[in-house]
Amino acid sequence: MSTRVATRVVSRAATTDLAIAAALWGGMYVLSAETFAAIPPATLGLLRLAIGVAALATFAALRSESLGWSRAPKGAVLRAGVAVAASILLQFVGTALTSAVEGSIVTMATPVFVLIFGWALEGVRVPRQAWFGIVLAAIGVVALALRSSGGGDLVADASTSRLLGIAMLIGGGAAWALFSSLGRPIVAAVGARNAVTLSAGLAIPLMVPFVVAELAIGGIDLAAATTPSTLLAVLYLGVGATSIGWSCWYRGYAAAPPRLSAGVLFLQPLVAAALGVGLLNEALDGGLALGALFLLGGVAMISFERAISTKQSRVRS
Numbered sequence: 003m004s005t006r007v008a009t010r011v012v013s014r015a016a017t018t019d020l021a022i023a024a025a026l027w028g029g030m031y032v033l034s035a036e037t038f039a040a041i042p043p044a045t046l047g048l049l050r051l052a053i054g055v056a057a058l059a060t061f062a063a064l065r066s067e068s069l070g071w072s073r074a075p076k077g078a079v080l081r082a083g084v085a086v087a088a089s090i091l092l093q094f095v096g097t098a099l100t101s102a103v104e105g106s107i108v109t110m111a112t113p114v115f116v117l118i119f120g121w122a123l124e125g126v127r128v129p130r131q132a133w134f135g136i137v138l139a140a141i142g143v144v145a146l147a148l149r150s151s152g153g154g155d156l157v158a159d160a161s162t163s164r165l166l167g168i169a170m171l172i173g174g175g176a177a178w179a180l181f182s183s184l185g186r187p188i189v190a191a192v193g194a195r196n197a198v199t200l201s202a203g204l205a206i207p208l209m210v211p212f213v214v215a216e217l218a219i220g221g222i223d224l225a226a227a228t229t230p231s232t233l234l235a236v237l238y239l240g241v242g243a244t245s246i247g248w249s250c251w252y253r254g255y256a257a258a259p260p261r262l263s264a265g266v267l268f269l270q271p272l273v274a275a276a277l278g279v280g281l282l283n284e285a286l287d288g289g290l291a292l293g294a295l296f297l298l299g300g301v302a303m304i305s306f307e308r309a310i311s312t313k314q315s316r317v318r319s
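Numbers in the numbering used here are just positions in the sequence shown, counted from 1, shifted up by 2.
Note that these hints are calculated values from the structure, not bench results.
Possibly wrong hints are sitting among the right ones.
[Said to hold, decoys possible] Here are the computed distance ranges between Cβ atoms for each label pair:
no. : residue 1 : residue 2 : range
1   : 127       : 223       : 36 to 46 Å
2   : 165       : 295       : 37 to 47 Å
3   : 225       : 126       : 43 to 53 Å
4   : 163       : 295       : 25 to 35 Å
Glycine included, each C-beta is placed from N, C-alpha and C at the ideal position.
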């Protein structure tokens, strides 16, 4: 059967889906520190995928819906599953080697890769203004990271483990962007929820050897891993950040141009910083305001480039 996809345009529905995903992922940074301290990173990633897939499969079963394996492009699902496993492992282990704050590096790198893969794999033109918006938004992320890290501590730790963690975070961002592009024909064939279920489901067995090795080397503190706060955090990662967040992201990404997805993704660190102020009583200072200004400006330039270009064309004519 054909897996031809529809024309991608900036729409309110797609923007809403992408913004919901970014907001849910921003919440992960508020929870990550305590959760990583209780559960090793690869194990936490596997739990996240298992809970997310179980929630999506249960939802489909309650609605008597098929997951669509017979209709799905098998090669694309396999490649997307590999990308999911790589993204989760690199992101979680990288964050464990650095900090939850430095997880914003993933957000800073991912939109660039989203545009690159959209151009290289899907033939989507990237307007010059969209790249300029990416630069503005990246400056906003740096401002937030400087604020959250206390500024002076940024160059204090140049250890091998931290540098490796940063490299993993960037690699995780690239893998996630690749997952987004690879998954688009799956969404066209079986829908966003089923695309996530199938891809993440295939990623689970790929992650098992890493989890077995991790637990064999370091073990796990079951008392810390089963506290109510840790269990709620794991549930949020599985249901909120994975089953809901990934479904919204895939649906929005399949409908919108990559530049919109890249722009909205920069809202993730902004949400994380806002939650830090609201829930963790962090100070509302000039660094947060400056970062938010650049982020929102960059997002606006990326998201509304089409409308601006159309208006300019009409003026010239």
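Discussion item. Checking each numbered hint in turn, tell me which of them this model violates, lowest number first.
Written reply: The structure breaks hints 1, 2; every other hint is satisfied.
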